[in-house]
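S.K.: Given next are the chains, with one letter for each unit.
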Amino acid sequence: SQQGEEDPQALSIQEGENATMNCSYKTSINNLQWYRQNSGRGLVHLILIRSNEREKHSGRLRVTLDTSKKSSSLLITASRAADTASYFCATDAKGEYGNKLVFGAGTILRVKS
Amino acid sequence: GAVVSQHPSWVICKSGTSVKIECRSLDFQATTMFWYRQFPKQSLMLMATSNEGSKATYEQGVEKDKFLINHASLTLSTLTVTSAHPEDSSFYICSARGGVAGGFFSYEQYFGPGTRLTVT
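Quick note, the sequences are listed as chains E and U, same order.
Residue 1 is where the first sequence starts when you use the working numbering, and the numbers rise one by one after that.
Residue 114 is where the second sequence starts when you use the working numbering, and the numbers rise one by one after that.
Simulated from the structure, these hints should not be mistaken for laboratory data.
Hints should not be assumed to be uniformly reliable.
Claimed, not checked - The calculated DSSO-like cross-link candidates involving lysine-lysine, where the alpha carbons are at most 30 Å apart (straight line), are:
| no. | chain 1 | residue 1 | chain 2 | residue 2 |
| --- | --- | --- | --- | --- |
| 1 | U | K177 | U | K154 |
| 2 | U | K127 | U | K168 |
| 3 | E | K26 | U | K154 |
| 4 | E | K69 | U | K154 |
As the list claims (entries may be wrong) - Incomplete in silico selection of chain E near chain U, CB under 10 Å:
| no. | residue |
| --- | --- |
| 5 | G42 |
| 6 | A85 |
| 7 | F88 |
| 8 | F103 |
| 9 | A105 |
Glycine included, C-beta positions come from ideal geometry on N, C-alpha and C.
Please take these sequences and the hints and turn them into a complete structure.
M.R.: Following this line, the structure appears as structure tokens:
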């Protein structure tokens, strides 16, 4: 089952613009992670933000987390054509063998050059 | 960082046959492994979770007799799609999580590159 819902489903921007993607989830979390996936390829881990953190930066990426609203956002600044990919948030959910990652629906980002 | 491999990277099989996909953790011992399925333009859906030496736990709606999971060692898990049909065509991704590392339990999941299964 999916816990995270993301919007927008698809986003098309010009190179150099910023891209913002949002993720909402339903249950309490220990952390929230963002991944990128190029078409037909595996996942690339971008950033992890813990439940007691509100904001985190990594290069051109900025992630915010609002646990009161159960939502997170991923901002990519100064986008490049190479940023074209699908972006997923993932939250940890309780499982029989410890926590398991459950993914949101994802946002398809297209950066036009 | 931790590396997870999958084999094969892609496979085409005929309807009714069985296909086995391997997932290996190359430089760490994976106490828990996860199998996900991803249809085109959709998200990853968790199929099952397994601990080494134990039976897998399947998510609701996943047929355990159709998707056989064997986590025989701390570095290898296999997913066998039995009597495959065209609707089983999908991208299958495994993920591995290690145990204690440096005195602390690691919750991080490392993902394999995925296996593209096409059933004709």
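S.K.: For each hint, tell me whether it holds in the structure or not.
M.R.: Now for the hints, and whether the structure bears them out:
1. With a C-alpha separation of about 25 Å, the suggested pair K177(U) and K154(U) falls inside the 30 Å cut-off, and the hint holds.
2. With a C-alpha separation of about 28 Å, the suggested pair K127(U) and K168(U) falls inside the 30 Å cut-off, and the hint holds.
3. A hinted pair counts as satisfied when its Cα atoms are at most 30 Å apart, and K26(E) with K154(U) qualifies at roughly 23 Å.
4. Between K69(E) and K154(U) the alpha-carbon distance is near 27 Å, which keeps this suggested pair within the 30 Å criterion.
5. Because the closest C-beta pair between G42(E) and chain U is about 4 Å apart, less than 10 Å, the hint holds.
6. Given the 10 Å rule on beta carbons, the hint for A85(E) is violated: about 13 Å separates it from the nearest Cβ of chain U.
7. Hint on F88(E) holds. Least Cβ distance to chain U is approximately 6 Å, under the 10 Å limit.
8. Against a cut-off of 10 Å between C-beta atoms, the interface hint on F103(E) holds, since the closest Cβ of chain U lies about 5 Å away.
9. Against a cut-off of 10 Å between C-beta atoms, the interface hint on A105(E) holds, since the closest Cβ of chain U lies about 5 Å away.
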